[in-house]
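Asker: One-letter residues, chain by chain:
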Amino acid sequence: MNTIAAHTADATTVEEGLAIQEQQAKFDSDSATAVAMTNTLLAPRFYTTNFDELDAIDVSNVRDDWDRLINRMVSDPNKGHFKKNADWDHIDWENMDPDLKKEFIDFLISSCTAEFSGCVLYKEMKRRGKNRDVTQLFQLMARDEARHAGFINDALREAGVAVNLGFLTQKKKYTYFRPKFIYYATYLSEKIGYARYITIFRHLEAHPEHRFHPIFKWFHEWCNDEFSHGEAFALLMKTDPKLTSGFNKFWIKFFLTAVYATMFVRDHQRPVFHQALGVDPDWFAYEVFTKTSKLSEQIFPLTLNIDHPRWQSTLEAIYKANVDLADAKAKKQVFRKTMAQLRAAWGFVSLLMIPSKKNVVPMSTRLEPVY
Amino acid sequence: MGLFSKEIEHHPCEVEVSHCFDSLHAHIKFLDGTVIEPGDEVIVQGGEIMAPYGEVVREQRKAIVRRASKIEQIWTRWTGDFEVMELCEFSFSEEVTL
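Sequences listed follow chains A and B, in order. Residues in the first sequence are numbered from 1 upward in steps of one, following the working numbering. Residues in the second sequence are numbered from 372 upward in steps of one, following the working numbering.
Chain A extracted, bound-state conformation (with noise of 0.2 Å):
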């Protein structure tokens, strides 16, 4: 562990971060390369976009809601708090149920890859813009995810998983996403990840029996940057009326349904894990789309009918054919394989033909973190 006197989380910078790291630090650098510890290749993916586009930007109409936002960040009051300290309890991994054990580190590892890649995108939309408005926010957006990644990653450490950063060395192909497209699911994805941190926070505080492991204490305060982030990306959204209107509202509901969906099915694919938590993922599932859906009002012009009587089932359908779709891979099958992949394909056509519900996106958008 660390044992510098002034902790790098108390940083307000990466980089006074980093300068503090440099100039004291003295690290278990052995520990990290033991043997013992399995190697985790961490294999984010690089994107560009259009850069002109993101230096258009012209935050005017949002001005005194975005300066509240960004000063907040600025201010940073989460510094400090992603550290270890009496509350991070001891873990008996040796003893941990081993089903358990696998679905949690995988849990670990797609959160701190999911923090890292954010970060990636992030640094780069910062480094290539020239808006400072932009830039500023990329900046402290990429600050909190690299921390969440580092918090994420001490967790690992413990369970004897250590990440390989060496993925720089390897060759790297940049995709090209649409900046509405990064919008829309980095978005969704920062308000999901609100919702879902904050029932399992709330659950677990009704239920603490079921908290096997510490870093779900630390899920409150790592959801308010969610949630922060995903303000920022609806003031972005509503600076230019476009975005939420007209065609788009098709790319929305798209976005929307392919979210929920594939949170349906990645949850379900965990049940030990959920089990363990004392949670439903049907429950789970229902509670957090109900939420995200309630958050979303403050810019998307419609949200997705939760209630219809074929979402539930379709949901489950997509889930079904995803498992086979796998078996038949597995298999080699490859027209069980086919029929498999249509049938999630239809599945989600389906999802897409239930009628949306309209919403009055409200004149102000920003909204306070209060479930």
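Bear in mind the hints are in silico, worked out from the structure with no lab data behind them. Check the hints yourself; a few may be wrong.
[Said to hold, decoys possible] Straight-line alpha carbon distances no greater than 25 Å define the calculated BS3-like cross-link-like pairs of lysine-lysine that follow:
1. LYS400/B <-> LYS126/A
2. LYS320/A <-> LYS332/A
3. LYS173/A <-> LYS130/A
4. LYS441/B <-> LYS294/A
5. LYS173/A <-> LYS377/B
6. LYS217/A <-> LYS83/A
7. LYS84/A <-> LYS101/A
8. LYS358/A <-> LYS253/A
9. LYS377/B <-> LYS172/A
10. LYS173/A <-> LYS400/B
11. LYS358/A <-> LYS249/A
12. LYS400/B <-> LYS377/B
13. LYS291/A <-> LYS102/A
14. LYS400/B <-> LYS249/A
15. LYS249/A <-> LYS171/A
16. LYS441/B <-> LYS102/A
17. LYS441/B <-> LYS173/A
18. LYS400/B <-> LYS172/A
19. LYS294/A <-> LYS253/A
20. LYS83/A <-> LYS101/A
21. LYS217/A <-> LYS84/A
22. LYS171/A <-> LYS400/B
23. LYS441/B <-> LYS171/A
24. LYS126/A <-> LYS84/A
25. LYS217/A <-> LYS249/A
26. LYS433/B <-> LYS332/A
27. LYS173/A <-> LYS126/A
28. LYS400/B <-> LYS130/A
29. LYS433/B <-> LYS126/A
30. LYS377/B <-> LYS337/A
31. LYS320/A <-> LYS331/A
32. LYS331/A <-> LYS102/A
33. LYS291/A <-> LYS357/A
[What the hints assert, rightly or not] Sample of chain B residues lacking proximity to chain A, with all beta carbon distances greater than 12 Å (derived):
34. SER376
35. HIS382
36. ASP403
37. GLY418
The beta carbon of each residue, even a glycine, is placed where N, CA and C say it ideally should be.
Mind docking chain B on chain A? Use the hints.
Answerer: Showing chain B alone in chain A's frame:
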């Protein structure tokens, strides 16, 4: 840039890898201001850059940039969007069973 041909360029870059508690990140910065376009490939030359836990490593290296052909660049712009869902975070990997 050729319509079909790829061009290979060499550029100096700085790689920063932070393997710290407060920040886990890794970035490449091109020192001559070169700009990466959709479909381009980048390889940092030399051995793996490994930062032991708790350390930040900054190294100046050479990078090979394989420029995408015009066709490939257009293709990447059109099709990249299909992969945008990977920006979303769902807590778990896509594997059906572990």
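Asker: For LYS294/A and LYS253/A, compute the direct alpha-carbon distance and say whether it is at most 25 Å.
Answerer: holds (15 Å)
Asker: So if I understand the rule, the pair passes when the alpha-carbon distance is 25 Å or less; does LYS173/A with LYS377/B pass?
Answerer: holds (13 Å)
Asker: Has the given pair, LYS217/A with LYS84/A, been kept, meaning a C-alpha gap of at most 25 Å?
Answerer: holds (11 Å)
Asker: Quickly compare the C-alpha distance for LYS84/A and LYS101/A to 25 Å and report which way the hint goes.
Answerer: Status holds; Cα separation ~21 Å.
Asker: Looking at SER376/B again, its CB stays over 12 Å from all of chain A?
Answerer: The assertion about SER376/B holds, with a minimum of 17 Å to chain A.
Asker: Does the structure keep LYS441/B and LYS173/A at a Cα separation of 25 Å or less?
Answerer: It holds: about 15 Å lies between the C-alpha atoms, which stays within 25 Å.
Asker: Is the straight-line distance between the alpha-carbon of LYS400/B and that of LYS249/A 25 Å or less?
Answerer: violated (37 Å)
Asker: Holds or violated: LYS249/A with LYS171/A, Cα cutoff 25 Å?
Answerer: Roughly 37 Å between the alpha carbons, so the hint for LYS249/A and LYS171/A is violated.
Asker: So if I understand the rule, the pair passes when the alpha-carbon distance is 25 Å or less; does LYS126/A with LYS84/A pass?
Answerer: The given pair, whose Cα atoms are some 30 Å apart, is violated under the 25 Å limit.
Asker: For the pair supplied as a hint, LYS320/A and LYS332/A, confirm whether the alpha-carbon distance does not exceed 25 Å.
Answerer: Measuring from Cα to Cα gives roughly 18 Å; hence the hint holds.
Asker: Hey, LYS173/A versus LYS400/B, does the alpha-carbon distance stay inside 25 Å?
Answerer: holds (16 Å)
Asker: Measure nothing beyond the straight line between the CA atoms of LYS377/B and LYS337/A; if it is 25 Å or shorter, mark the hint as holding.
Answerer: Since the Cα atoms of LYS377/B and LYS337/A sit roughly 36 Å apart, the hinted pair is violated (cutoff 25 Å).
In terms of the numbered hints stated before, the structure departs from hints 4, 13, 14, 15, 16, 24, 25, 26, 30, 37, listed from lowest to highest.
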